[in-house]
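Undergrad: Build out the structure end to end from the sequences listed, making use of the hints.
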Amino acid sequence: MSIALRGFGIACLAVCVSVGCRSAAPDAETVKGVSPFATLPNPMQWGVDPDEPRSGEPDRIVATWVDTVRQTPGEASERGFGGRLYFYDRRTDPIAVEGRLVVYAFDEGGRLATDHKPTRRFVFPVEQLTKHMSVSELGPSYSVWLPWGPSDGPPADISLIARFEPVRGGGLVVSDQTRQRLPGSGLAPAEGTMLAATPASQQVRQAGFQEPPAAAPRGVETVEAVESRKRLSTTTIRLNR
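The sequence shown begins at 1 in our numbering and counts up one residue at a time.
Errors might be hidden in some of the hints.
Simulated DEER-style distance windows between Cβ atoms [stated by the list, open to error]:
(1) 176 with 131: 42 to 48 Å
(2) 134 with 74: 23 to 29 Å
(3) 126 with 155: 20 to 26 Å
(4) 90 with 155: 21 to 27 Å
(5) 112 with 89: 35 to 41 Å
(6) 125 with 185: 32 to 38 Å
(7) 125 with 76: 24 to 30 Å
(8) 113 with 92: 31 to 37 Å
(9) 167 with 112: 35 to 41 Å
These are calculated hints, taken from the structure and not from any lab test. Ideal placement from N, C-alpha and C gives every residue a C-beta, glycine not left out.
TA: Here is the structure:
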């Protein structure tokens, strides 16, 4: 008798298991392969906009420059440099930054190797630099324009260095120096001619303002005294009669 009951119990258990398997099959079809375990977002990413560029304190600057001419209706064409700057921290993708950007320009025409004072300085304050940012496939970058005078001016060789001063502390970040050829009409000025020192060419509208030349980077010396002596010097050429 006990053997018969034991056999009946085993049969009932087999029926229950088979019914349970059949009832679970329709549920599996309705979810169509979706895992029953929901994928939870990373708590470290809560409140972070995926479309917002990553920001931080940069460790280095990568700047690219190209000579260009700007055409404004009703005004004479103006030549200068268009630049795009990327800021990087320890990671490989660029970041958005908050701080002041200063670009130093050195006219290499007749400049001595010991002369380290910039010919011009272009300043982009904190509130203005943010307006120059755009986001591309590579990440956030900053586009700036450095005017250099009328497009019919003489050719010039200009060295450019960008320096970034962060708002929230951290050290200064300086880019590599790049030397650019600025095309123009006619011949390059003779040694000792300071076209960049004229008041008209010192005006900078695209940058926030242009600081006095006295405030140069650390370790940079002035060359104004040297250039002043060049203006006063004369050369006597002996001609054969």
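Undergrad: Now tell me if each hint is right for this structure.
TA: The hints, checked one at a time:
At roughly 25 Å, the beta-carbon separation of residue 176 and residue 131 lies outside the given 42 to 48 Å, and the hint is violated. Between residue 134 and residue 74, the C-beta spacing of about 27 Å keeps the proposed range 23 to 29 Å intact. Hint check: residue 126 to residue 155, Cβ distance near 35 Å, so the stated range 20 to 26 Å is violated. Restraint check, residue 90 to residue 155: a C-beta distance of roughly 40 Å breaks the suggested window 21 to 27 Å.
In this structure the supplied range 35 to 41 Å holds for residue 112 paired with residue 89, their Cβ-Cβ distance being about 37 Å. About 34 Å separates the C-beta atoms of residue 125 and residue 185, a value consistent with the hinted range of 32 to 38 Å. Between residue 125 and residue 76 the beta carbons are some 27 Å apart, a value that agrees with the proposed interval 24 to 30 Å. Evaluation of the 31 to 37 Å hint for residue 113 and residue 92 yields a pass: the beta carbon distance comes to about 36 Å.
Checked against the given bound of 35 to 41 Å, the beta carbons of residue 167 and residue 112, roughly 36 Å apart, stay inside it.
In summary, the structure is inconsistent with hints 1, 3 and 4 from the numbered list given earlier, while agreeing with the others.
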